[in-house]
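Asks: Position chains A and W relative to chain R; hints supplied.
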Amino acid sequence: MSDFPFLLLMIAVPAVGAAVVAALPRGRDLLAKQISLGVSLVVLLLAVLATVAFDAGGDRFQLTSSVSWIEDFGVSFALGVDGIALVMLLLIGVLVPVVIGASWDDEPVGTRSMTVFFAWILLLEALMVGVFAATDVFLFYVFFEAMLVPMYFLIGSFGGPRRQYAAVKFFLYSLVGGLIMLAAVIGLYVVSANQGEGSFAFEVLNAIDIDPDVQKLLFLGFFVAFAIKAPLVPFHTWLPDAGAEAPVGGAVLLVGVLDKVGTFGFLRYCLPLFPDASRDFAPYVLALAVAGVLYAALLAMGQSDMKRLVSYTSVAHFGFIALGIFVFTTEAATGAVLYMVNHGLATGLLFLVVGMLIARGGSRRISDYGGVAAQAPVLAGVFLVAGLASLALPGTNSFVSEFLVLVGSYPSRPVFTIVATVGIILAALYVLLMYQRTMHGPARGLMGGHDLATPDGGEPAGPAGDTGGATATATVTAAPATARRVPDLSRREIAVASPLVALIIVLGVYPQPLIDLIEPAVAATISDVGGDPGGAEPQADTDAARTEAGN
Amino acid sequence: MDTVPADGLLSASWLLIALPLAGAAVLLLGGRRTDRWGHLLGTATVAIAFVIALACAFSLDDRQVAVHLFTFIDTGSLEVDAGLLFDPLSAVFALLITGVGALIHVYSIGYMAHDPRRRRFFAYLNLFVAAMLLLVLGDNYVALYVGWEGVGLASYLLIAFWHERPAAATAAKKAFIMNRVGDVGLALAIFVMFAQLGTVTYEGVFGSVGLLAGGTVTAIGLLLLLGACGKSGQFPLQAWLPDAMEGPTPVSALIHAATMVTAGVYLIARSAPIYDLTETARTVVLVVGAVTLMIGAIAGCAYDDIKKVLAYSTVSQIGYMFLAVGLGPVGYAAAIAHLLTHGFFKAGLFLGAGSVMHAMDDQVDMRRFGGLARKLPITFVTFGLGYLALIGFPFLSGYWTKDAIIEAALDRGGVSGWVLGGVAVLGAGLTAFYMTRLMLMTFFGRARWAPSAPGRPAPHPHESPSVMTVPMVVLSVGSVAAGFLLVQVFPLDEWLAPVFGEPHEAEHVIAPAVVATVVTAVMVLGVLAAWLFVGRREVPVVAPERVSVVTRAARKALYADAINESLFMRPGQWLTRALVWVDNRGVDGAVNGLAAGLGGSSSRLGRAQTGFVRTYAMGMLGGAVLVAGALLAVTAG
Amino acid sequence: MTLAHYLVLAAMLFTIGAVGVLVRRNAIVVFMCVELMLNSVNLTLVTFARATGTVDGQIMAFFVMVVAAAEVVVGLAIIMSIYRTRRSASVDDANLLKY
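As they're listed, the protein sequences go chains R, A and W.
The opening residue of the first sequence carries number 1 in the UniProt record's numbering; numbering runs sequentially from there.
The opening residue of the second sequence carries number 1 in the UniProt record's numbering; numbering runs sequentially from there.
The opening residue of the third sequence carries number 1 in the UniProt record's numbering; numbering runs sequentially from there.
Isolated chain R, as found in the complex (with noise of 0.2 Å):
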């Protein structure tokens, strides 16, 4: 069974999908939509069973396929996965689905057909799990640069008001980024040719030693490229842009999956790598980390966008994510990755279902909305599992992986995790503030139908309005007669929903299956930088010892 090309498969299936559905006529958008919803559970199936096929207790790259691509620089189409990049592949086949459910009814802008979104939408699935499953840092790198075409035409065809540039900055950030990778990718076959035979295979590169020095410069390129990828502040600016220009759909998987290399990429290529350098740049990396979470949360509270908000979130979960890696603790790590799955999942629902309000309300604007609780009770609700999973609520799945962070990274970086901890409190304030103006209150903006030219419309978003709701209560007495209903959840917008809060309560509930499977290549990771695998040993700051070490 293992032989069975599950991931070459998983790359192929989709990218033949893409090119079907680009190649039918326009105006077939129901067959596309069909096919690719097709094509995208096939993908899920496949994932599915790599997982089964998966022997969490065996070698640390399973799965594996190789064909000689350019052999006089010993490059070769290399797959293979560890439970890291599996359990990111289950998130691809999970959220992909998803994502074309949730832009069924999306109406195309301008000129545009819809049958172009989903073909492009299958591509960028094609070549999102190639970035996971290739085991060759030359294909790694191809596939990282030619993961930014579908998401460019996603955004700049199919995105906001400001789309063009919001294209344009997303893919010039990621390609100065990926280029500077590409040095450092050429760097490291040069030190690899002059040890020996020259490689791009990972595992040949894990082998050898390099030089402190060169390793320095080789982890600065990759972790530039990563960083921004992530993105950690303060490389994090194209985010919130692109995230608030992207279509909903493509904002899914823009922040639920493909910022995920970045932190896919500290672990894979930055840890074991460069071990040497790794250790020497931690505690700045951290420091970036940990200003992260403050800053960004603090920013999420700021916005009046919804989706420039979430994308604010995003910045400050990837904060909590590199700090987890950077610790070189088993327990932080195989939380980071377990958070890299979770934030797929919470923060893709809560774009979505910030999507729905928006397709309800048609603006982006927190202080359009107000009183849709009352109104859409299971738009209400979806939004608040959402919104608690995004705050790491006990019980949503985000908990465990955050918890697991910061509970890895005390031990060693004490400082570092207590900052971070208040992070916990002002993801509270972000994601009920926003929740509080959209959802509870008397109807009003746009929900309202009536005053939407109250100062209430153009008031700067800051946490105000807690001081008893004054302003608020003067317009509960004007509740309008002309109130537009908002309409709940449709059933289809019910499915597209549902698989992501069962996911996200049942892997709150029981998350041991997904550790499992992490936890070995995590233990690999943190061997190969030098941190003992077996996880933090009770400190020694006991009575006992204390006399023990005085004496």
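Honestly, the hints are just simulated from the structure, not real lab data.
Keep in mind it's a predicted model, so treat the numbers as computed, not measured.
We put the CB at the ideal spot given by N, CA and C, even for glycine.
Treat the hints with care, since some could be wrong.
Chain W side only, calculated, beta carbon under 7 Å to chain A, not exhaustive [to be verified]:
{"id": "1", "residue": "V21"}
{"id": "2", "residue": "L22"}
{"id": "3", "residue": "V91"}
{"id": "4", "residue": "N95"}
Away from chain R, derived, C-beta distances all over 12 Å, residues of chain A [as the list claims (entries may be wrong)]:
{"id": "5", "residue": "G328"}
{"id": "6", "residue": "A481"}
{"id": "7", "residue": "V518"}
Here are the simulated distance ranges between beta carbons [claimed, not checked]:
{"id": "8", "chain 1": "R", "residue 1": "G27", "chain 2": "W", "residue 2": "A70", "range": "36 to 42 Å"}
{"id": "9", "chain 1": "R", "residue 1": "V16", "chain 2": "W", "residue 2": "V74", "range": "46 to 52 Å"}
{"id": "10", "chain 1": "W", "residue 1": "D56", "chain 2": "A", "residue 2": "A595", "range": "51 to 57 Å"}
{"id": "11", "chain 1": "A", "residue 1": "A636", "chain 2": "R", "residue 2": "D280", "range": "49 to 55 Å"}
{"id": "12", "chain 1": "W", "residue 1": "M65", "chain 2": "A", "residue 2": "N592", "range": "56 to 62 Å"}
{"id": "13", "chain 1": "W", "residue 1": "S88", "chain 2": "R", "residue 2": "A183", "range": "49 to 55 Å"}
{"id": "14", "chain 1": "R", "residue 1": "L179", "chain 2": "W", "residue 2": "A11", "range": "48 to 54 Å"}
Replies: Below, chains A and W alone, put in the same frame as chain R:
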């Protein structure tokens, strides 16, 4: 005391959590289909849970029973099991939660009868009961944390139940955020335990906490205390609790009086082996308890909102419990006893308040009540019994349990004993004052009823239906008898001995009889004072403006909100706005500036391209001459 | 007649041609100046061929003539088409070659 694996009925104790949780799930997922019978299902699950808890408690026999469910998280050296610990302490809590919970479910059937969202109300209540049971039954700190935040969520949902009201939505958010501040403390405590001891189970932590350095233990104790303060509305995180009264009254009774807010006391009592090792942390607990008990009592004297008075009373009474647990081994059992009796009479008082509001068109301003004793006889009697129990009327519940705390404080001896005992006695006097004021303004005097809103008819008070009065009667029986039963008949300290150690007769500084007499005398003084200030005069319908500084401060709850606002909220808003500016103009501005700079310089360079062939030819010639000149210079040189 | 005489003549012709290209506006005159420059180069090539007694320079001069002839064909065609569209043979009227 070693724990033993569960057997027989006890191995089914997970049903305690599962039943209400299943109820909540059915009600939330079932949608409108369950509208007709949803409230019955919700009530039934909690009632059955109560029966199971009762049966489990009887089959416990002084043991500590562990129930392993499944592995929650296991990675690296961290291992967290979903496991339950059923011991005398958690049994007491389970009984309180399911017992009072079931009564309040029954009451809510009547109270929420006309609310179109009644089904969802019961779903949230069930969710709360499940989370609270997980909190008290979990066998490790992570399970406690999960329950801890779970009750926070339920509290959020229930405070914001009438979310069309901005005040309710804001109060809910405030409660959640302030609780989160406390939760950070609890989370950090867990991190320290894991870092130092490598485990988070009660058994593991308590077994090896003695090996830790004193400073570390104190740090753990203080962090746990921060968590406890958040959940229990203790100083400095007390401001959310009175605002939480925006929720429906049964919620105030169950969550914000009887159960959830006492979780902080549970946490400290459960962590007794940690606090036993750190005098410093215990002293801080004492101080927090004493300060809060005074803040609550003072604020309670000034408010006109019946529910807010009761809320500050809760703050103050939990202050007593913190004071008791801060005293160490002598106080744990006393704190739990007071917690139980408080659960009965405060829940009863809130239900009574709900009944009054029901009669008065949902008004809460006591200045518009008055003379309700005749109209609402059952409410009056049950409320009155709760009142007597709370102020410590001899031989009712509060008398036994509050006196025990005051005695324990005095027995501490020395200056601190006198100070703490004095504060506790003074608090008892204030309690008598504000509660008597509440009674007088609500049930006695002239009727000052007014329409709840312009254009509405004046309320016609009527007694509530029996589905509401029966739970009130049951709770009032508890208010009368629970203290006597728990202190004299089935001594709680002996029941809890497996957890806290055998009770031993303390060295009394002052004879208990003297203490009881003094406390009763102070209580009588308080009642008299209330009668002098409130009962003898006409109550103004609008609160007088010209009042002393003290009253003004008390009306603002000693400016807690103002302090929070100016210390955290405003700087926070300012910081947020500043950072948004920095991010847009600074970080993003730098990037966009770079792009603009590149674009600008390229268009400037482009100007050089005039399109005149002669210019280009000139350029070529110039270049050629330069090259030739350079070559000449090189060859010549 | 020494070598220098020939070379100086060639240089003068080249300079006249270069200056003509730079200062004249009529495309035909510019074109003739370019021819002048080419022929000055031819003169130089032939001169050196004579001086060194080899035929390499003369062969090179033939190449230049062929290229110049091809250039005349293409160049005059361009000038014709510009003249047709613009009714002018001034090089300054055809300044489309810019950003």
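Asks: If you test the structure against every hint from before, which numbers come out violated?
Replies: 8
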